[in-house]
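Peer 1: Below are the chains, spelled out letter by letter.
Number of protein chains: 2
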Amino acid sequence: MRITKETKICIVGLGLLGGCYAQKLRALGYQVMAVDKDQTSINYAMEKNYIIKGSTDPSLVKNADLIIFGLYPQALINWLETYQDLLPKGCVCTDVTGIKQMIIDKIKPFLRSDIHFVFAHPMAGKEVSGVQNSDATIFKNANFIIIKNDDEKAMTMIHQLAQLLEFANISYLDAQEHDEMIAFLSQLTHVIAVCLMNCKDNTHLKDYTGDSFRDLTRIAKINEDLWYELFIDNKETLLAQIVQFSMTLNDFKEALQNEDETKIKALFRQSTKRRKEFDKK
Amino acid sequence: MRITKETKICIVGLGLLGGCYAQKLRALGYQVMAVDKDQTSINYAMEKNYIIKGSTDPSLVKNADLIIFGLYPQALINWLETYQDLLPKGCVCTDVTGIKQMIIDKIKPFLRSDIHFVFAHPMAGKEVSGVQNSDATIFKNANFIIIKNDDEKAMTMIHQLAQLLEFANISYLDAQEHDEMIAFLSQLTHVIAVCLMNCKDNTHLKDYTGDSFRDLTRIAKINEDLWYELFIDNKETLLAQIVQFSMTLNDFKEALQNEDETKIKALFRQSTKRRKEFDKK
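In order, the protein sequence lines correspond to chains S and U.
Using our numbering, read the first sequence as starting at 1 and increasing by one per residue.
Using our numbering, read the second sequence as starting at 282 and increasing by one per residue.
Each hint should be verified, as a subset may be incorrect.
[Said to hold, decoys possible] Distance condition first, Cα-Cα at most 27 Å in a straight line; then the derived BS3-like pairs of lysine-lysine:
id : chain 1 : residue 1 : chain 2 : residue 2
1  : S       : Lys-273   : U       : Lys-502
2  : U       : Lys-407   : U       : Lys-305
3  : S       : Lys-276   : U       : Lys-407
4  : U       : Lys-516   : S       : Lys-253
5  : U       : Lys-557   : S       : Lys-126
6  : U       : Lys-387   : S       : Lys-253
7  : U       : Lys-481   : S       : Lys-280
8  : U       : Lys-544   : S       : Lys-221
9  : S       : Lys-273   : U       : Lys-487
10 : U       : Lys-557   : S       : Lys-221
11 : U       : Lys-407   : S       : Lys-263
12 : S       : Lys-280   : U       : Lys-421
Quick caveat, the hints were computed from the structure, so don't treat them as lab data.
All chains, please: the whole structure from these sequences, using the hints.
Peer 2: What follows is the structure, given as structure tokens:
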């Protein structure tokens, strides 16, 4: 199974990410269709030539070989529960959601056994939403995670998809590894940024703000519906990360209280050493 | 009192910031000298034409009208205790240290009454130190804070100095206001970045890291000697900021535990609204 110019690709959910997939694949000359509940998004994508066909009617997927779900987690589950009978026999499906274990646990029990579903997470985004803001250049330098399963052929097709979209790194993880990684690298950092903005009314300080504070709080501008879902769907894993960070912060506070120079300087050296490994090469 | 081409300027402490002051002032054609305990730094600054004269002997300051101390907090206090008799009668002095109340409290009781000392904080820096890394372009878009006192003429001179150095904003604060602002915007953010790197060994995650995590931890690469001093010298104020942030984080954790959708979404909206005010115009 490879994606070719004969492959009929259908995006379900023309939001920011669905729009980026469509934009890039169409620019490469592939046959891209889309289903969205909002006719305005369909019209926009048609005008921009992101798609060759679009509809608010889900039955458009009947003709597709590869279906890409650009939906929020719960919306994806609901869509499959309602419409999976429309999916053609033996088609390959993938998704873009930011958490995995909960979704897979909920979908697997009812998913038709002939459907090849490869769950994936394109780790890219913007602070704005909607197909009108789609810009596939966000995939350059970004990571694409494929959740491992035993369906080698379908995984190969989604790997090829990620390559076509020009992701910098394509990795394979199991769902729990993925969710722990996301809880730490992405969700905890969003919690911290949100808490920094909320811990006091600080807007009078904006005239004194340097780049450090701006960098730490940029992601405090947050899509409330999407992130609430992502946090709840990964709740226990995220809570564990928050607790671990809180304990580290409390240890630091106590070291400062005690003016424990040896300990604080050791922590500074450790953070400096570790952080250097994250510098882009 | 204005800085003119006849003004003899002496930098004491040719580190990163002292070097930036020298570089920029000399490029503008001013008479810049420097005292440093390290002959290598003097030689480097002479070669680069950052200074017209330099010495490891502090008595060079005898000829200066304006003395700029580019020293760490405790080193500044020690220097003045030891050498203030070398300072010419009626000279203007300023500093670059990142905390103010403790320094002023320690210096004021013994400082000669004829010296016009205007404490200041150029809010700019780099992750590296030393005159070899000096680059005065870090002052563009940066803030310069002058600690208010009743010495109008000397304050005017330091204001002019900040303008010559091309700082984007020059503000006046009292020492306690300054230290609270710094504790929140700069010191707390460094604590958070350091704790994020220290809360677990996370270096195996570097292949999955996006810009958010990199942005939040960039300042975890930290100069251990300087920042330990800055934290200790502003200890109580910083501890109060850490406590306030920890309480906010704990509230968020409980809201997540309880799946309190109303509260979490309200926090997301508040952080988004506040953060937008920090966007650069």
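Peer 1: Could you run down the list of hints and mark each one as holding or not?
Peer 2: Structure-based check of each hint:
no., hint, verdict
1, Lys-273/S with Lys-502/U, "holds, 7 Å"
2, Lys-407/U with Lys-305/U, "holds, 16 Å"
3, Lys-276/S with Lys-407/U, "holds, 15 Å"
4, Lys-516/U with Lys-253/S, "holds, 10 Å"
5, Lys-557/U with Lys-126/S, "holds, 15 Å"
6, Lys-387/U with Lys-253/S, "holds, 25 Å"
7, Lys-481/U with Lys-280/S, "holds, 21 Å"
8, Lys-544/U with Lys-221/S, "holds, 16 Å"
9, Lys-273/S with Lys-487/U, "holds, 13 Å"
10, Lys-557/U with Lys-221/S, "holds, 7 Å"
11, Lys-407/U with Lys-263/S, "holds, 24 Å"
12, Lys-280/S with Lys-421/U, "holds, 25 Å"
Hint check: no violations occur; every hint is consistent with the structure.
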